[in-house]
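*Asks:* Join the two chains, each given in its own frame, into one complex according to the hints.
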Amino acid sequence: MKKLISLLLLFTFGLSSCEKDDICDANTPTTPRLVITFYDISNPTKTRNVSNLKVIGDGMEQGIVFNESLAEDDSLRYVTSGSTVSIPLKVNDTISTFKFINNSLNTTSINTDVIKFRYTTQNVYVSRACGFKTIFQLKNVLPFVQTDPDGDTLWMTEIDLVNPNIESENETHIKVYF
Amino acid sequence: MRHTLKFISSLSLLFSMFLGYAQDVPEISKNKDTTTTEKPQTEKTVKTAKPEIQEAPKDSVVKTDRYGLRVGVDLYKLTRGLYDKDYKGVEFVGDWRLTKKYYLAAELGYEDKTTEDDRLTSSANGTYIKAGFDYNFYQNWLDMENLITIGMRGGFSSFSQELHSYKIYNPNPYWGELPPIAADQKYSGLTAAWIEVALGLKAQVLKNLFLGFGVQLKLLASNKEPNNFENLYIPGFNRTYDGSFGIGFNYTVSYFIPIYKKKTMASETAKKEEPKKKK
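These protein sequence lines are chains A and B, in that order.
Throughout the first sequence, residue numbering follows the working numbering, covering 8 to 185 in sequence.
Throughout the second sequence, residue numbering follows the working numbering, covering 211 to 489 in sequence.
Isolated chain B, as found in the complex (with noise of 0.2 Å):
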């Protein structure tokens, strides 16, 4: 939980630099002419000036908009199976842009895991889908289309657990140490669904081609345990803490697909000047 807690934290203020750079692009933008404050502005300050923004449409510039469906994968599933002998997965990433901000996403995929801890042996396999929004607070420059987005996620998994071996915990080895003892016990029809908030990160790196990092937290809703054991590892939900905690990661790349443009003014979105951050 300590490192859960140190993650969280370091994560937030990860995510606070994107904020910083968020507001030096608007820098570039056109009119500089428009009086501002120069004093440097917090973040929450930035958020509540956005209204005035929309209040100066003065040269504004058409700005294309492009709808579609993004599709992909996860770069870090695939590509673990190749060193990690215990672990096989493959996680299909999509995403339906909705609105300008708002985009429908889901993730589907399948593991196979196999856990050594201290005392258990033991390996959990199935599929898993995952689905629900994603809110980009990215102000792209001009007709860039990168993101950086929070969202939400409902994940349901369906899957089986084998416990290969485990050891008896016998806090008095009057008689010795037991070597571990073989199990091979097979729990199948196991379910569990979880909540998750999903930050994420894709950068458009050619035309149509996005590379993407995104790391979730997740929340167990319900969970199916086996008798006498314990669901150690939910495909797409990850390990399980004593608690109901998880998180995850993802490296994706992913391609997308227009399907339609829509024509926005410019200056609704990425106008103003923001503050200058003075170095």
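Chain A with its partners taken away, still in its complex shape (with noise of 0.2 Å):
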């Protein structure tokens, strides 16, 4: 009887070592990104490509990473040529301010327009391992605002908010033509 007492006993703890087997799977759907998808201005049924666009956020040093296995001091690291970005917005804000550069590797032709996002934000709970995520709802009024800094002219001819509720990224919710 003793003998079966202490390997309870030994059995007990064991078990306390069931506990804390939780990661967040990669795949679940967490805090989004805003997506941003490009069109052609004068074909607007088809997307664009951009060229070497790079994008930063107000008060950053480094964009925005667009192909992470790139070195850091790489500079094709933070920047895209596709027809689509995501950018992450501030959780603990409600504005979000980026310089979109495009053609930010040629000196000639480089464009740089400032876009402010106006956002509310919803924290919704995830699971235990996930904790909770951040939601976004573009503004009714402004949305977003467009700025050119440096005087030339504004690159994105015509922005399109296609879908203020910013809860997964598997839509777009703004075109650009250009």
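Bear in mind the hints are in silico, worked out from the structure with no lab data behind them.
Beta carbons: idealized from backbone N, C-alpha and C, even for Gly.
You may find that some hints are simply not true.
[Claimed, not checked] Just the calculated beta-carbon pair ranges, DEER-fashion: (1) 90(A) with 368(B): 23 to 33 Å; (2) 168(A) with 437(B): 25 to 35 Å; (3) 431(B) with 144(A): 48 to 58 Å; (4) 54(A) with 437(B): 38 to 48 Å; (5) 75(A) with 364(B): 46 to 56 Å; (6) 390(B) with 51(A): 39 to 49 Å; (7) 339(B) with 74(A): 54 to 64 Å; (8) 152(A) with 297(B): 44 to 54 Å; (9) 364(B) with 89(A): 16 to 26 Å; (10) 72(A) with 396(B): 54 to 64 Å; (11) 390(B) with 79(A): 48 to 58 Å; (12) 318(B) with 91(A): 58 to 68 Å; (13) 56(A) with 401(B): 51 to 61 Å; (14) 152(A) with 429(B): 46 to 56 Å.
*Replies:* Below, the structure is given as structure tokens:
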């Protein structure tokens, strides 16, 4: 009997090691980014690739990383030439401002537009392992404000709000024509 | 879940050992003259052999079974509060012997537990009650009164949860990682109900004083969850997992209050040589 009881004791201590095996699965939808898709102004149904677009948040030194496989000092790490970009908004603020620098690697045709996004946030429970996520809703009045700091023309000719509710990254929230 | 499965399988292994011990006991019973098969038997054949056992009430010994109420307390919950500042709890256990092998059993408890997960700090506190029955499948030798039981319980808990702080999960922390956000949100009026399978062991260490150990596998049947949060810990049910399973255990010390006695023939119970285990 004693042998059994000591076995049971041992067993119970093994049991306490069962906890803490939660890791947030990378496939779980958590805080989404703002998805912008670029279209051709002369053929509005067709997407158009930007060229070496760099996006820098206001007050940040480095741009948003688009090529994570590249080294940190590689300038290509921070540029994209696709037709869609995903922008992380500030979760603890209601305004996020970004510089969108097209042709950022070409000193002659470089063009910077600034967009200020205005939104409200909501924190939504996900799970024990993931905690909460933040979802965003772009404001009805002035969801974004576009300015041109360097005085050349705006390279983004038209900006359309498609979906003000930023709850997942599976859809485009903003369409940009240029 | 992997751990839970491992747990269950080692548990069954462990309890199959008890069966082995149970077989040893009748060896010592008196009528060694009766002929029995000498070949070792498995647990299953032992069970089927039971009816035959009762066919040979030759030299019967009168045995007295004591009936009454056993009350006790869970030592684990009681002592955990001493070394774990995030836990306070108590559980009272009781059972009433209904028949030779069946016991009505119930547990009543209170728990207050704070859980610090990587991204959430929350606490739950409330009371619970569990009621059901135990079946003692241990065959005692003569006047011993030990128990190895399997039983069922229905459990119900009324509790509240408090979310103290949380972190936002952001896979793209371009603007930097944020510190945990203080919430201090209280969710009251929560309830949960579950059923459990309880395996238990109680050994009489002194006259009428029992030490016990039990494990319970639980299945959540209903769970009233708060809005924009989740029941991470339910008093009595313990930690919740993705599915509706849960586990629990207790160490009890209990006192048996004898109320009346019944005489039975010992031959009805632990007679018969069971197969001798050759080691």
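*Asks:* Each hint should be assessed against the structure and marked as holding or not.
*Replies:* Evaluated hints:
In this structure the supplied range 23 to 33 Å is violated for residue 90(A) paired with residue 368(B), their Cβ-Cβ distance being about 55 Å. Taken as a hint, the range 25 to 35 Å holds for the pair residue 168(A) and residue 437(B), whose Cβ atoms sit roughly 29 Å apart. Taking the beta carbon of each, residue 431(B) and residue 144(A) are about 37 Å apart, not inside 48 to 58 Å as hinted. For residue 54(A) and residue 437(B), the hinted distance range of 38 to 48 Å is satisfied, since their beta carbons lie about 40 Å from each other.
Between residue 75(A) and residue 364(B) the CB atoms are about 52 Å apart, so this pair conforms to the stated range of 46 to 56 Å. Checking the proposed 39 to 49 Å range against residue 390(B) and residue 51(A) shows it holds: the Cβ atoms sit about 45 Å from each other. At about 59 Å, the beta-carbon gap between residue 339(B) and residue 74(A) stays in the expected band of 54 to 64 Å. Checking the proposed 44 to 54 Å range against residue 152(A) and residue 297(B) shows it holds: the Cβ atoms sit about 52 Å from each other.
Separation of residue 364(B) from residue 89(A) is about 58 Å and departs from the stated range, judged on CB atoms against 16 to 26 Å. Remark: the range hint 54 to 64 Å for residue 72(A) to residue 396(B) is contradicted by a beta-carbon distance near 40 Å. Distance hint check: the CB atoms of residue 390(B) and residue 79(A) are about 28 Å apart, inconsistent with the given range 48 to 58 Å. Taking the beta carbon of each, residue 318(B) and residue 91(A) are about 59 Å apart, inside 58 to 68 Å as hinted.
Separation of residue 56(A) from residue 401(B) is about 56 Å and conforms to the stated range, judged on CB atoms against 51 to 61 Å. Between residue 152(A) and residue 429(B), the C-beta spacing of about 55 Å keeps the proposed range 46 to 56 Å intact.
The structure fails hints 1, 3, 9, 10 and 11 (numbered hints given earlier, in ascending order).
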